[in-house]
Amino acid sequence: MSAPAPSMFTPAAKAVAEKIGLKMGRANLDEFSATLIELAKANPNLIAVTSDSRGSGKLGPFAQALPKQLVEVGIAEQNLVGITAGLAAAGKKSFGVSPSCFLTARSLEQIKNDICYSDVPATLIGISSGVSYGALGSTHHSLHDFAVLRAINNLTLIAPADNFESREAIRFAAKATKPVFVRFGKAAMFGLHRAETKFEAGKAITLREGDDVAFIGTGETVVHCLLAAEFLATKGLNCRVLSLHTIKPLDAASILRAGRECRAVVTVEEHSVNGGIGEAVASVLMQAGVSVPFRIVGFPDEETVTGAQADIFRHYGISMEGLSKVAAKLVK
Amino acid sequence: MTDRELQLKAVHLRQKTLEAIYEAGAGHTGGGLSCLDILNVLYNRILKVSPETFGSPTRDRYVQSKGHSVEALYAVLADRGYFPEADLKTICHYKSHYVGHPTRHIPGIEMNTGALGHGLPICIGMALAAKMDGAAFRVFTLLGDGELAEGSNWEAAMAAGHYDLDNLTVIIDHNTLQISGHTRDVMSNEPLDEKWRAFGWAVKTVSGHDYAALTEALSQPAEAGKPTCVIANTVKGRGVSFMENVAKWHHGVPSEAELKQALAELAAAEATLKGAL
Chain A
0 MSAPAPSMFT PAAKAVAEKI GLKMGRANLD EFSATLIELA KANPNLIAVT SDSRGSGKLG
60 PFAQALPKQL VEVGIAEQNL VGITAGLAAA GKKSFGVSPS CFLTARSLEQ IKNDICYSDV
120 PATLIGISSG VSYGALGSTH HSLHDFAVLR AINNLTLIAP ADNFESREAI RFAAKATKPV
180 FVRFGKAAMF GLHRAETKFE AGKAITLREG DDVAFIGTGE TVVHCLLAAE FLATKGLNCR
240 VLSLHTIKPL DAASILRAGR ECRAVVTVEE HSVNGGIGEA VASVLMQAGV SVPFRIVGFP
300 DEETVTGAQA DIFRHYGISM EGLSKVAAKL VK
Chain B
0 MTDRELQLKA VHLRQKTLEA IYEAGAGHTG GGLSCLDILN VLYNRILKVS PETFGSPTRD
60 RYVQSKGHSV EALYAVLADR GYFPEADLKT ICHYKSHYVG HPTRHIPGIE MNTGALGHGL
120 PICIGMALAA KMDGAAFRVF TLLGDGELAE GSNWEAAMAA GHYDLDNLTV IIDHNTLQIS
180 GHTRDVMSNE PLDEKWRAFG WAVKTVSGHD YAALTEALSQ PAEAGKPTCV IANTVKGRGV
240 SFMENVAKWH HGVPSEAELK QALAELAAAE ATLKGAL
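Listed in order, the protein sequences are those of chains A and B.
In terms of numbering that gives the first Met the number 0, the first sequence has 196 at position 197, counting the first letter as 1, and numbering is strictly consecutive.
In terms of numbering that gives the first Met the number 0, the second sequence has 82 at position 83, counting the first letter as 1, and numbering is strictly consecutive.
Simulated from the structure, these hints should not be mistaken for laboratory data.
Every clue listed holds true.
With a Cα cut of at most 20 Å, we get these calculated DMTMM-like pairs of lysine to aspartate or glutamate:
1) B/K8 x B/D78
2) A/K22 x A/E195
3) B/K273 x B/E4
4) B/K203 x B/E193
5) B/K8 x B/D209
6) A/K67 x B/D163
7) B/K130 x A/E71
8) A/K40 x B/D132
9) A/K18 x A/E320
10) B/K203 x B/E189
11) A/K177 x A/E199
12) B/K47 x B/D132
13) A/K22 x A/E229
14) A/K67 x B/D132
15) B/K225 x A/E71
Interface residues of chain A toward chain B, partial, derived using beta-carbon atoms under 7 Å:
16) Q77
17) I82
18) A84
19) A89
20) D113
Where a beta carbon is used, it is the ideal one built from N, C-alpha and C, also for glycine.
Looking at chain B on its own, in the form it has when it is part of the complex (with noise of 0.2 Å):
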């Protein structure tokens, strides 16, 4: 798939993500526009995963840390054929297997997050697995900017150094938003690649948005013998004006009058890509 094509699945993505976040009456708009990207790159280029071999004990694993953008995961897990996209419009109802986090309930989904500080230090433990069985697989999670000021990441960055986990992978969703504003006045967390380098990772900073650049990134270990922390600068709310960089829209739900409106601006970018198709 060339990045136009990702790009044309991206606008549909996104509209499914915003109605199924309308349909729940609840959900997190603004982190899944701003992670959408990454997911289609990771589900479509990178991760050696697909419903038929989600068994497998070699295949790669995606543990979601910022659960809450579980949304835009169920709407690339549905595209991808982990199940039917008709069910997206069941998320946060009344006994629906689909939480508003992750469950191993779902079809494609490996552990259950929404907790934050969670992902990193699961992934060690499959690193670790990997590494033990000699197994060529790999582990990636996704963090949201945020949630690195819980205390656990860092004892998990720590570790992840400590054992030179090249076949782990941290993705960081730098939107630099959060749910009360921005995270520099919540909690400054920067320089974030300075602190990963410190932690003994090898980093790559990209944007978030850019298909050829999170491909590039996400393919193949930064460094041998070291794990990898790409920090993927996005925007968050990416895609619909009236969303992007409000903070106000991180658990936003659209009314009908916002959502139709949004679902207008992406039809509207579907047609400039494939006139350019």
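Pulled out of the complex, with its shape left as it was, chain A reads as follows (with noise of 0.2 Å):
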């Protein structure tokens, strides 16, 4: 038997988690798993594609459900973009389902071109994005994800903090006409929203008001960004937190309130310092001319630790702990 993986949260960050009434969920994965079956219920022209994926986008019970509905294309990522490009033009409703790190890497250019460039309304599932893999290594991990698909035109880009957020982002995918990209981790998420909280995709989502920190965070990171900002607040700064679920297009009036109204921002992402949010928001920010003390804490440019996720996590500061150091010597 392996060990069991360690915890995400230190005692500490689960005592705040408490405080605040988090409620720990299930993973993202299995919110977005769960949603398509009931979308595809609905609609029979919804199709689902995987890439010997079916396990680890947690399609299993889709592929019981709805056999008709799921195509196998074998481990063939660039194959598995082409189908599901082919399946948008001719009428369906696709979502192709595959591992972040080779989907945006090795099949990059039939998502630039047979999804984004011909305009298909394909959706793309990323799987087990950023270090969701860990010890796996970095031909596992997609810390270039967002760089690249930035770059993209003609595509929505979609990292959800929690389950509601997830399930919103299928939602709003399953309807739309044009391309969308959703980039899941795989463990096991606190909500982190009230029930009345509406979810538009393009449109950030204020977790935290206040004007001391702003963090911006996306996907799996906000969570630790709204433990820092409790925690700090039991040290008399005032953080905001804003969960940037889209990447692209970026809410740049919500960047730009959080730039000219906080002290500070603190960018927040499972990615690679280069090409990820925290370039995008200081484009924004610098663009308007806001200037403000900023950092972005994500992946520098180096072969990344072993361990798990959470260790990878806890050894770039992506944690309660670490995020609440950098945003207190930001205002200090």
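Hints are included, so try docking the two chains, each in its own frame, into the full complex.
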């Protein structure tokens, strides 16, 4: 038996989560799978395409319940994207599901040309993204995907932070008439949103108001931003937290408000510091003439340390403790 | 339309292709001329699609995987009435919709292609969609023989065989030349027929300039339960003596004098054909 995965949260972080009433949900990928089955039962035109990835994509139940709505292409990611595009061009609502590391590198040209340039209403689901595969190493990490996808025209790029955002992102994608890419990790996630929260692609969600430090996070890092903000509140700092679930198109208005109303901005992402949301946010701020103390927390340009996702996050400071330190230093 | 009438049309289409490349100052001359007879047969005899039915979900689909031979495709589409023939003179010009590879901005173009090895996977998606819907439409794609070095073709070839896609036809423009020279020297890919058969395809080999043979090979799937691969043996630069079988005409653009000579040769061919009508 392998050792249990280390926890993503220290006891102190868990205590903060409990204090603010966060409830642990399931993996966003499980939420994706459940939502897709629900949508596919109502829409026989919804087709999932997998590259021997139905297990890692949590689509086993989909395959069992709706075998005629699943196309298996084998371990062939280029073919997966091309077929997903062709299905969409012929009137299907197609979802191509494959690990982000392969999908956004090996088949990047198919994403660019067959989906985005040809402008077909297909959705790609990047599974086990970022460093979700942990100790499997850099072959299985996708720390470049925001950078490459941001530079491709005609794509909505979403990285949900919790089960709610995951569900809403898939519902959005199912209705979209344009290309969409949704990026999922595979860890169980705390629920971050209140029941009345509305999800709109392209609009960041403010999880916490504040005017000292603005944390702008995306995907599975957002929970750490929220915990850091709550921790810093006990130290007298009132921090804002934005879930920047849509990386493209970018919500410039929310970013500019944060930059103008807060004393500092910290961006957080499970991605290389090169070409990710940090540089995107910096670009928005600089071009609007907003100058504010600023830090990008992500993965430095080095061979990634070995470990589980939780180990790697902690190593690079994507944790309540790490982010609190960065933020406090910026406004000291 | 008789074979002879189609051959006469092909002369006109070759003229238009060469004029368009000359006006554009860019283009893919050799491969356009090698696949032109195939396109002529497809659009005038095989494909159940027209400018009026292009939006119909049940139309036949043609995706040109060897997107660089776009000038020939544009010439055929213009001739079929998808857009005015005068538009051919705007190819590659500043702000023209007529890009140097196929785009869906142009009526009659199904998908944006040009990077090689993309057409077949896309067509598999379309053919699967037809099977799912019980629709009778057929899906066709044209691949260059040099293009077959792209590995994505073989991922797709495997999938088409696996899914028994007898509504899918691949046509290989087998002119045996590519930009750097002879395909057998650049990256040998023979025997093509055995390779495709091994992947579960029904294979037919024809002359890509023989209208009767092309029509016969493309009119129906070769075998129930199998995708069809038509290996069309062609001549790169077909129809212009000094362009035939010369690799440099892959993307060579004729000078004014060369265009004049080429058009004169085509005019002579036209006169011969008319004399025989």
